[in-house]
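Colleague: Place chains C, U and W on chain X using the hints.
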Amino acid sequence: MKYTLYLGCTVQSEQFGLEASVRETMPRLGVELEDMKGASCCGFPALSSVSKVGWHYLSARNLAIAEEMGNDFLPLCNGCHLSFVETMHYLEADPDLKNLINTHLEKEGLQYEGKVKVVHLLEVLHDRVGEKKISGELVKPLEGLKFASHPGCHAIRPSDIQKVDDPEDPRKLDNLIKALGAETFDYPEKIDCCGSQLAVASGRTTLKIAGDKLQAVKSYGFDGLVTTCPFCFKMYDGRQRAIKGALKDSSLDVPVFYYTQLLGLALGFRPERLGLQLNQSPVDGLVERIME
Amino acid sequence: MSEKPRVGVFVCHCGINIGGYLDVPDVVKYAETLPDVAYAEANLYTCSSDGLQKIKEAIKKHDLNRVVVASCTPRTHEPLFQGACEEAGLNKYVFEMANIRDQCSWVHMHERNKATQKAKDLVRMAVAKARLLTPEEEPEIDIQPIGMVIGGGVSGLTAALSLADQGFEVHLVEKEDKLGGYLNKLEKLFPNNTKAEDVIKPLIQRVKETPNITVHLKSTVTDVKGFVGNFDTEITTGDETLPLNVGTIIVATGADYLNPEGLYGYGEVEGVVTQLELEGLIKEGKLGKAKTIVMIQCAGARIEERPYCSRICCSEAMKNATLLVEENTRRDLYILYRDLQTYGLSYTELEWDAKKKGVKLVKYDIERPPVVTKGEKGPVVKVFGPLLGEELTIEADMVVLSAPLIPNEDNKRLSQLLKVPLNSDGFFLEAHVKLRPLDFATDGVYVCGTAHSPKEVAESLAQARGAASRAGIPMAKGRLKTAAITSVVDETKCSGCGTCIELCAYNAITKNERGLAQVTSAVCKGCGVCGASCPERAITMRHFTNEELEAQGLAAIKEA
Amino acid sequence: MKPVLVIGGGVAGIQAALDLADRGLKVHLVEKSPSIGGVMAQLDKTLPTMDCSICILAPKMIECSRHPNITIHTQSQVKEVAGGAGNFDVKVLKEPRSVNESKCTGCGVCSQKCPTKVRNDWQEGLADRKAIYIMFPQAVPLTATIDRDHCLYFQKGVCQVCSKVCPSGAIDYEQKPEEIDLNVSSIVVATGFQEYDPSELKEYGYGRFKDVLTAMEFERLVCASGPTGGHLNRPSDGKLAQRVAFIQCVGSRSHKKGYPFCSSVCCMYATKEAVLIKEHDPASEVNIFYMDLKVFGKGFQQFVDRAKSHYGVVYIRGRPGEVRMNPVTRDLTIWYEDTNTGDVTSKEADMVVLCTTMIARPENKELAEALGLELDEWGFFKPLNPLTNPIETGLPGVFICGCSHGPRDIPESVAEASGAAACAAEVARRFM
Amino acid sequence: MADSDEREVKFISLMLSRAVSGMNAEVCDQCGKCSSACPVSKEIEGFNPRQMIGKVALGKNEELLKGEAIWTCTTCLKCRERCQEEISPYDVILILRNLAYRAGYNYPSGYDDFVKGVKETGFISAPQSVRGRDGGRVTRSDLGLPEVLGPTDMELFRGIVDGIVKAGKRN
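Listed in order, the protein sequences are those of chains X, C, U and W.
Each residue of the first sequence is one higher than the one before, starting from 3 at the first, in our numbering.
Each residue of the second sequence is one higher than the one before, starting from 918 at the first, in our numbering.
Each residue of the third sequence is one higher than the one before, starting from 58 at the first, in our numbering.
Each residue of the fourth sequence is one higher than the one before, starting from -11 at the first, in our numbering.
If you are wondering where the hints come from, they were derived from the structure by calculation, not from laboratory data.
Glycine is no exception: its CB is placed at the ideal position from the N, C-alpha and C atoms.
It is possible that some hints are incorrect.
[Stated by the list, open to error] Cβ-to-Cβ under 8 Å is the rule here; a few derived chain U residues that face chain W:
| id | residue |
| --- | --- |
| 1 | Lys259 |
| 2 | Glu260 |
| 3 | Gly264 |
| 4 | Arg310 |
| 5 | His312 |
| 6 | Met348 |
| 7 | Gly375 |
| 8 | Arg376 |
| 9 | Pro377 |
| 10 | Gly378 |
| 11 | Tyr393 |
| 12 | Val401 |
Bound conformation, chain X alone (with noise of 0.2 Å):
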């Protein structure tokens, strides 16, 4: 099985944990990512809300290159997940505005048909490596801790073109994270939204959002929060601190993960070569209980 990895804006510039993490796991479980040469940003925070045609050209300039590449098209964040997956949907609806970009394209040698399959992350891992595979390469199984599944709404919304996971009631991250021996269970703010697009508009809106989940994370009992999204990470991790402030709970200190960061610790790799050290919420504890 072999991907062209698509880092993204986020996780190239800042979120190294995933990339860390996805990087020093795949192999293992024998999945090989290509990097891509000319990549540029999906386009989908920076320009949708002021250039949709910015937007669909961004995207497309990358669908492109991975087209020439060859293999199933792995972009590492949620968010350009859905805007490649969108783009694709309104070039092949357009015709006339699939032409204008193709005629931008060609400035660069580039040419979009739209050929190539996005695949998201939780696919790979959850379909095509399977779960069976991966209890199978535990070292050191997750027992006894209980950990909130957060698949991200622009994986699994619109269901219309999205079809990663079911969008009202997604069992794939669940499923994924009993496959380290860990355990979950349902609740109700498991398809809530992070907020972070909202952070251009209204920081404080947004931190609200992120607290009123993580409130409630830490008030059904679980150990800590899972995602696979570098936004929704940045928001929950990166952004905690904030969010006590914000809402005025000192007592908030829900441990944020990766879910390739816990692969990897089950998997038996070193915490620092997972990107743990970036990890702004309180994760030590649980990082040296499952180490020992």
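Modeller: Coordinates of chains C, U and W only, in the frame set by chain X:
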């Protein structure tokens, strides 16, 4: 019955339903001790074929002239046991049942002795009454196979045609000078925009061509006497009256549109019309260049004084709005509504099409209704939209009020004439809203169409055909066997005060030539209201005479 | 005169059969389940008069069973139809009850002793029945029937308890399916409706949260002959439901998941069910979440006014976005916007009732093929003309009434049933 | 401006105007399913996707373009998922943002930084060094992560992006 009563008592186990919870043999032994009981026995299932056989054999063997069965509910099994008595040569009214299951064994499952004692009491009461029972006859009446339909609108025409197709003679009475009713005034009908005349003209044509339908135009029914099977009616046309003897009467008098005087500027502000007037303007193509049109729903309906919903106005408004927008796409159509009543398979589509074609729907609240005032170019509508959270001001060229259907003003007169009630809204009140929607409590009189309540054409047609079926039943049989349990007036005691006539729900009692109460047993339902209310105790109910009830009551409180 | 065939033993089929039989025509009433009565027999009370549903229906069912002109064929379905108006040859297949109908007295001993428990569909799955069972206490005919798919004898050749305990020797394992050939002058289709399964609308949690019920499940729960004897103990933990929310248009008025049409009656039966809850316990809190309250029927608006003023039922205009269950307290939270005020908020509830679409019965397809009739895009029978011939079909001599051609309430179904009876009587006379 | 840009300007403005009318806002039942699922409408008073669609259906777009509401959607797509009439307030909001941007009404300044970043580095921002939980600075190379290679010809890439964004600003 002169000879001495010989009562047979049959106590049922009903499998475990009775036998499982009380001592049936003990009840049988007790029954044998009761006065005039000539024979008593128990069986596992009295209602099974061999149980019935045992009753017939016992009647012959022990020369029984009264029968009591102690088992389950008379509602389901009395006719069954009465049939067995008749087959053994007894009149079915010398039979009495004691229900020792539903209100006895079933409710006292854990108190065997008390249940047995209660069963004995119930049997004692049944025997006490049975001893006094007398045979009764069930009178039969002839039914004239002639139907009358009052009202020549789409419902009346359909009902008349159906009766004729069923082979009956029909008199169709219409007060206007032509048939068709409101459909003559309408242009197109929802849901599929069929022209009203393409619906009504063929019906009128078929009625004219059907030999056994006699149409009376410019005529009203001025008198109705008699009862189901032979109503002696009187039709007045102009100044001459015509007596008509008919078997059944179908009321299809339709309804009128409310004149919304004083509502939303109607009659004061120029350019404010009703949906009906709009229909006329479309029909005659006199719409002019009206570009912005605002329709206001519930204009005079679902309010304190007129609480009912008129059912068709939302669909009507959607149809007209869509027609107007299709005819000229530059038109701006608004519909101000409270609750859209576009229900069912096809009317939800009307709403969808209207919205798709750009008709704008704005919800208003009854507490802050729209205000229509006179503007320079035309009526100005100000409305607060709770959904929008703000007030809209629309400079309209025309305002169309969806006024509700109201009861035909002739309903009061007809209701007295036919002695059929009206409901609080003024429409006719049917026998049972759920299971007898087209019958009146008075046998032989039926209702359909908007006389029953506001409804649109398709539902009126279905009801009209339904009323024709209901009316067809007695007329098809020709003779009607009526129950014997009816009231009887003792003329020596009756003072002619008329209380019973007033109270009878089925108007089965009239004053005879001597001014005394007289019961038409064919119409009487045996409900007992007259018997209970008669100040002179002059009325008794057959099969429930005062003596029988007293005997039954006394038996309840003391051993024989 | 030739008899008339009525397909479907619900309130519409019963009314059509009685109208025709009362006027002297012979009627064959074909019903696919073990008893006539249809959905109305499952209801607790009916609106607007709050009559007990079975109390006004059972007398008509008994009238049918005792009427000399009516022959009831239960567990039977129409397989083939040939000929035309005045002369239809119909082949009906009667599935075996494995119980002799003339001997069985409906005493119920067999069911008590039968060891096999099965999901009771008539109780909407809220309770079990046995493999040999009587459909419901007031069933007509009041005869047991063996569910061969679950009976130990038919599946594994063991047991036979029922034949051992039956006091009247009515059990007959050798009964075979029976083909009945009928020659009739006309056919009345009254196949009724079915409730839409709202599982696909996962945001409401039906199927995941046990205390989210459909309206039919609620009718069984609140009914005295229901699994809890009418007490509103919620299915998850038996706690008495004090706070109940009704969600309207579930699967209706929707162009995605569900059906675009409105089912006409849900606003009213939700009001009725709300009043029932308030009658059980005036202190209970009942909210109805609606979009456009459908009050177009006779006496409906007054019934709603009474529910509001006298009983204190609360109506909120706003289709809830989602229903959530707290995994610890199992209480349900409904997130909604009161669109009249614009504020988005939530309400706690012990139980949520989803008022779902009235959809066509799947058996309509097979019956339509046998009759050579067209169905509309949702599986309902198509009238000849929805405006001018609502109860006639494209095939002369075949008439439709009740929910077989779209959702409608009981009074309309009954009126249409009489209408269809009139049409059948006209055909009978024309081909006398 | 070469004539191809003229064609692009016309194409974009036609696409945007047709997009709003094509979103079938007019069939909205105003049922409230979108607003009751929306995380932002619970928090910000003026934000209500249902009312926005209601205003678009009544042709009151201008009011929305001038307002702030369209900018506070968090693109969680629950409204599009839950709407039973296949309307997507999310898509309508994105189009309204494009129209507001073009009409020069105010919008959060953050979007200018995004565009500037993309034009300068090919991404919203270039790789930075990140503070770890223990306070120390960590760079991509510290974690052995490969160097990020943006668009090969940044000059050409910047020109294209600039051209498209400017075309979207004129009508």
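Colleague: Would the stated hint for Lys259(U) survive a check requiring a Cβ distance to chain W of less than 8 Å?
Modeller: Interface hint status for Lys259(U): violated (10 Å vs cutoff 8 Å).
Colleague: So, as I understand it, the hint says Val401(U) touches chain W; can you test that by seeing if any CB pair is closer than 8 Å?
Modeller: 5 Å, holds
Colleague: If you take the shortest Cβ to Cβ gap from Gly264(U) to chain W, is it below 8 Å?
Modeller: The hint is violated - Gly264(U) has no Cβ within 8 Å of chain W, the shortest such distance being about 18 Å.
Colleague: For the hint on Arg310(U), does the least C-beta distance to chain W fall short of 8 Å?
Modeller: With a closest approach of 6 Å, the Arg310(U) hint holds.
Colleague: Do the numbers back the hint for His312(U), that is, is its least Cβ distance to chain W under 8 Å?
Modeller: Holds, because the Cβ-Cβ distance from His312(U) to chain W comes to roughly 5 Å (cut-off 8 Å).
Colleague: Hint check: is the beta carbon of Gly375(U) less than 8 Å from a beta carbon of chain W?
Modeller: Holds - the Cβ of Gly375(U) comes within 8 Å of chain W, reaching about 4 Å at its closest.
Colleague: Just to be careful: measuring from the Cβ of Arg376(U) to every Cβ in chain W, is the smallest value less than 8 Å?
Modeller: 4 Å, holds
Colleague: Is the interface hint satisfied for Tyr393(U)? The criterion is a beta-carbon contact with chain W at less than 8 Å.
Modeller: Given a least distance of 5 Å, the restraint on Tyr393(U) holds.
Colleague: Is the shortest C-beta separation between Met348(U) and chain W less than 8 Å?
Modeller: 5 Å, holds
Colleague: Restraint: Glu260(U) near chain W, CB-CB cut 8 Å. Satisfied or not?
Modeller: 6 Å, holds
Colleague: Please verify that hint: Pro377(U), Cβ, nearest Cβ of chain W, below 8 Å or not.
Modeller: Status holds, d = 6 Å.
Colleague: For the restraint on Gly378(U), tell me whether the closest CB of chain W is nearer than 8 Å.
Modeller: 3 Å, holds
Comparing the model with each earlier hint shows violations of hints 1 and 3; every other hint is respected.
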